[in-house]
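Visitor: As you go down the protein sequences, you meet chains A and B in turn.
Here the first sequence stands for residues 1 to 354, where the numbers follow this note's numbering.
Here the second sequence stands for residues 355 to 814, where the numbers follow this note's numbering.
You may find that some hints are simply not true.
Claimed, not checked - Derived pair list, reagent style EDC-like, types lysine to aspartate or glutamate, alpha-carbon separation capped at 16 Å:
no., chain 1, residue 1, chain 2, residue 2
1, B, Lys486, A, Glu169
2, B, Lys642, B, Glu678
3, B, Lys763, B, Asp640
4, B, Lys793, A, Asp176
5, B, Lys794, A, Asp176
6, B, Lys486, A, Asp176
7, B, Lys783, B, Glu503
8, B, Lys481, A, Asp46
9, B, Lys794, A, Asp46
10, B, Lys794, B, Glu611
11, B, Lys642, B, Asp677
What the hints assert, rightly or not - Just some of the chain A residues that point at chain B, by a computed CB distance under 7 Å:
no., residue
12, Ser160
13, Leu252
14, Asn267
15, Phe270
16, Pro307
17, Thr310
18, Ala311
To be clear, the hints were calculated from the coordinates, so they are not data collected in a lab.
Even glycine gets a Cβ: it sits at the ideal position worked out from N, Cα and C.
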Amino acid sequence: MLYRENGQFKTSYAADQQILPIVQDRWFMAALLVFAFVVMPFIGSDYLFLSLVIPFLILAIAAIGLNILVGYCGQISLGTAAFMAVGAYAAYNLVIRVPQLNFLIVLVLAGLIAGLVGVLFGIPSLRIKGLYLAVATLAAQFFVDWMFARVKWFTNYSASGSVSPPPIEIFGWTVDTPVHKYLFVLGVAVVMTLMAKNLVRGHIGRGWMAIRDMDVAAEVIGIRPLKSKLSAFAVSSFYAGVAGALWGFIRLGAWEPLAFNVNLSLNLLFMIIIGGMGSLLGSYFGAAFIVILPLLLNQAPAWFGLPISTALASHLEAMIFGALIIFFLIVEPHGLARLWAIGKEKLRLWPFPH
Amino acid sequence: MSKLLKTRVTGMVAAGIAAGLLTLPATSFAQQKAAPAAKGEQFFPVLVYRTGAYAPNGTPWANGYVDYVKLVNAQGGINGVRIAYEECETGYATDRGVECYERLKTRPFVAAVQPLSTGITFALTDKAPTDKIPLITAGYGRADSVEGEAFPWNFPLMGTYWDAADILVQHVGKLNGGLDKLKGKKIALVYHDSPYGKEPIALLQERAKLHGFDLMLIPVTHPGVEQKAAWLQIRQNRPDYVFLWGWGVMNSTALREAVATGYPRDKMFGVWWAAAEPDVTPVAADAKGYQGLALQHGAGRAKVHEDVLKLVHDKGQGTGPRDEVGSVLYTRGLLSAMLQVEGVRQAQLRYGVQPLTGEQVRYGLENLNLDAKRLEALGVSTLMKPLATNCRDHAGARSARIQQWDGTKWGFVSDYYEADNQIIKPMIKTSSARYVAEKKLTMRSCADEISAAAPAAAKK
Chain A
1 MLYRENGQFK TSYAADQQIL PIVQDRWFMA ALLVFAFVVM PFIGSDYLFL
51 SLVIPFLILA IAAIGLNILV GYCGQISLGT AAFMAVGAYA AYNLVIRVPQ
101 LNFLIVLVLA GLIAGLVGVL FGIPSLRIKG LYLAVATLAA QFFVDWMFAR
151 VKWFTNYSAS GSVSPPPIEI FGWTVDTPVH KYLFVLGVAV VMTLMAKNLV
201 RGHIGRGWMA IRDMDVAAEV IGIRPLKSKL SAFAVSSFYA GVAGALWGFI
251 RLGAWEPLAF NVNLSLNLLF MIIIGGMGSL LGSYFGAAFI VILPLLLNQA
301 PAWFGLPIST ALASHLEAMI FGALIIFFLI VEPHGLARLW AIGKEKLRLW
351 PFPH
Chain B
355 MSKLLKTRVT GMVAAGIAAG LLTLPATSFA QQKAAPAAKG EQFFPVLVYR
405 TGAYAPNGTP WANGYVDYVK LVNAQGGING VRIAYEECET GYATDRGVEC
455 YERLKTRPFV AAVQPLSTGI TFALTDKAPT DKIPLITAGY GRADSVEGEA
505 FPWNFPLMGT YWDAADILVQ HVGKLNGGLD KLKGKKIALV YHDSPYGKEP
555 IALLQERAKL HGFDLMLIPV THPGVEQKAA WLQIRQNRPD YVFLWGWGVM
605 NSTALREAVA TGYPRDKMFG VWWAAAEPDV TPVAADAKGY QGLALQHGAG
655 RAKVHEDVLK LVHDKGQGTG PRDEVGSVLY TRGLLSAMLQ VEGVRQAQLR
705 YGVQPLTGEQ VRYGLENLNL DAKRLEALGV STLMKPLATN CRDHAGARSA
755 RIQQWDGTKW GFVSDYYEAD NQIIKPMIKT SSARYVAEKK LTMRSCADEI
805 SAAAPAAAKK
């Protein structure tokens with residue numbers, strides 16, 4: 001009743017091709033953005049911003065990047081955290097060595113450097129596929145870990161190998177309070193998501209999807225696998241690089257290579273599997289599931305006044321979290337984004353399903 | 355039927371998720387506001403790890419810390435101000451540690467925070483000045499944070515890793531009949547590949563240059579259960595000494611590998627985090643002869659332990675098992691809590707007997723003066739030497755002894771060593787100056803503060 005598209009006619013190509021063709025969706029998105037940009041800064045607490053929303057948004061950007069590679073282009077990667085690390089250390093070195101650069105430029109350059117490294121490690125994808133490729137990208141993970149731990153230049157010869165960047169400043173605006181950090185990350189996330197949406201619905205994205213569905217057939221209809229695969233690696237690593245820079249500068253404030261270890265790569269892969277492969281919305285759902293749910297589970301016993309020990313609470317957290325992952329994968333193997341789509345389908349017919 | 359049921363279930367789940375996502379910010383926001391500590395209490399956040407690869411070492415520390423807080427409360431609080439505390443599990447992971455910190459810092463009257471992880475310390479060092487919450491890192495943390503001018507909020511009380519490495523070199527020098535005899539010797543550092551393990555490298559390199567010994571750096575990746583490659587290197591190169599900078603399961607694994615490689619345990623020296631019961635008991639008799647630093651205290655019970663047993667454990671309030679009381683890491687946790695309590699007590703002298711903010715407690719920590727009489731009164735006189743901090747020295751003490759595992763218990767085999775300030779001080783100066791420049795901060799001036807504080811002290 002509320003969510004019907006009857007009477008919404010598309011009278012031009014532009015109207016037919018817009019990102020959100022249904023008017024209710026547009027209203028919903030507008031309301032969501034107004035809520036996120038205008039209302040949230042006033043009602044959120046520091047904890048909400050720093051520990052839940054900011055990590056959620058940053059990892060959602062990284063998940064979008066991985067989703068472009070895995071979900072849209074069909075190339076499995078276990079090295080996302082490595083590309084995040086490249087982005088983080090690139091941004092750190094740019095800020096330390098070229099202090100007059102604007103942080104926005106630093107962010108873009110960090111993404112581009114990560115993109116280059118991504119292309120380099122994407123070259124094997126031209127020859128190998130599937131699980132073999134996953135193993136090859138795992139090499140990126142270990143190589144990058146090793147490089148940032150051993151090559152002192154990248155950490156500016158820090159005695160402990162841990163780096164700590166100066167505060168972010170953009171046109172005189174110092175991003176230091178939780179609200180400022182939140183707004184900055186949110187802005188980046190919105191721009192990056194819009195970019196990704198336009199990429200995947202254009203000819204580049206169609207090329208990726210053709211490669212994903214069957215690369216031989218794609219080649220036959222004139223899509224060059226070299227270009228498509230490497231561009232997917234480049235774009236994916238660009239996203240990971242930007243997310244890595246944000247993770248280091250805004251979320252952690254000081255980090256060591258361990259912050260970008262293989263666990264983070266696996267977590268990102270879980271995010272897109274649970275959220276939904278080949279869906280940008282799914283990247284957000286997955287990030288929310290992996291980032292926020294464990295923290296809620298960890299704190300839930302205290303809210304209900306259950307006097308259980310810290311150790312038991314974290315064991316329970318791990319157990320319930322694992323069980324939920326299995327539950328969602330069984331109920332809906334296509335991810336939370338698919339559940340969302342089903343929900344929308346139902347809503348169109350509600351309250352008179354046929 | 356089943357298809358219908360399935361779609362219905364999935365539809366419900368979808369609706370549930372949607373509802374959950376929409377209400378999530380609201381509920382967690384409400385929760386944050388809904389958990390205040392009772393008015394008039396000083397709040398101690400307790401970052402612990404009772405699970406994961408480092409749990410065997412993290413748990414006794416946490417138990418000692420919490421037991422001491424309970425003891426102070428049982429004795430009526432800090433001059434009558436009770437302590438509220440809450441544990442948060444970090445699992446030794448930096449991002450979870452930061453989350454715990456953000457969760458607990460919102461409470462009123464947070465005194466100070468002790469992360470018990472060098473990685474978390476680095477991340478929180480970045481946040482402490484904005485939040486105005488002091489960071490106590492008793493026996494760990496950044497070595498250069500001793501410099502109070504550059505790190506006003508960090509307190510590496512009782513000594514840093516540079517002190518530890520320095521003392522170990524002094525000790526092996528003494529075994530050889532003088533530091534100059536170390537020329538041409540080989541020393542291997544087997545270290546946890548994290549900020550914690552890398553922290554001593556700078557000092558050891560400095561000392562290696564000075565005395566002409568060879569330094570072999572052998573990293574072990576987290577969590578340290580796989581060390582075959584590291585010990586193969588040791589077997590090939592046969593270093594004269596091995597310094598072990600491990601934590602958690604890495605230490606016992608290293609000792610096992612030493613047994614397997616046939617490396618003499620009495621040539622192995624652990625830092626004070628690698629010289630506790632959980633590190634050697636899994637290897638037990640085979641670890642006999644292994645030596646480690648003692649951060650002033652070793653194992654064994656002092657008067658304060660008797661108090662804990664009487665006022666906490668006998669009342670059924672004990673946090674951990676009773677026979678853990680007096681073990682090395684338990685005592686370290688206990689002393690860590692004690693130092694924080696004394697910081698609050700010192701700050702109360704200036705700001706009055708009431709719950710204090712982190713900023714006020716910072717003053718107390720910077721002006722700690724635990725003399726022999728005070729230690730006696732606290733019941734810890736056998737555990738540590740007098741300790742006094744000031745604006746320029748946030749560690750307060752830099753001495754340690756060597757202890758040896760005889761197969762069943764730890765015992766001291768050396769007298770106190772003092773870390774050599776002539777080597778460490780300039781390193782701290784350079785390193786902290788670089789930190790300040792990199793972070794675009796400004797150094798505060800201790801000279802000004804000391805002269806400003808002098809009249810106030812005279813009045814007291």
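Visitor: Which of the numbered hints are not met once you compare them with the structure shown?
Guide: 1, 2, 9, 10, 11, 14, 15, 16
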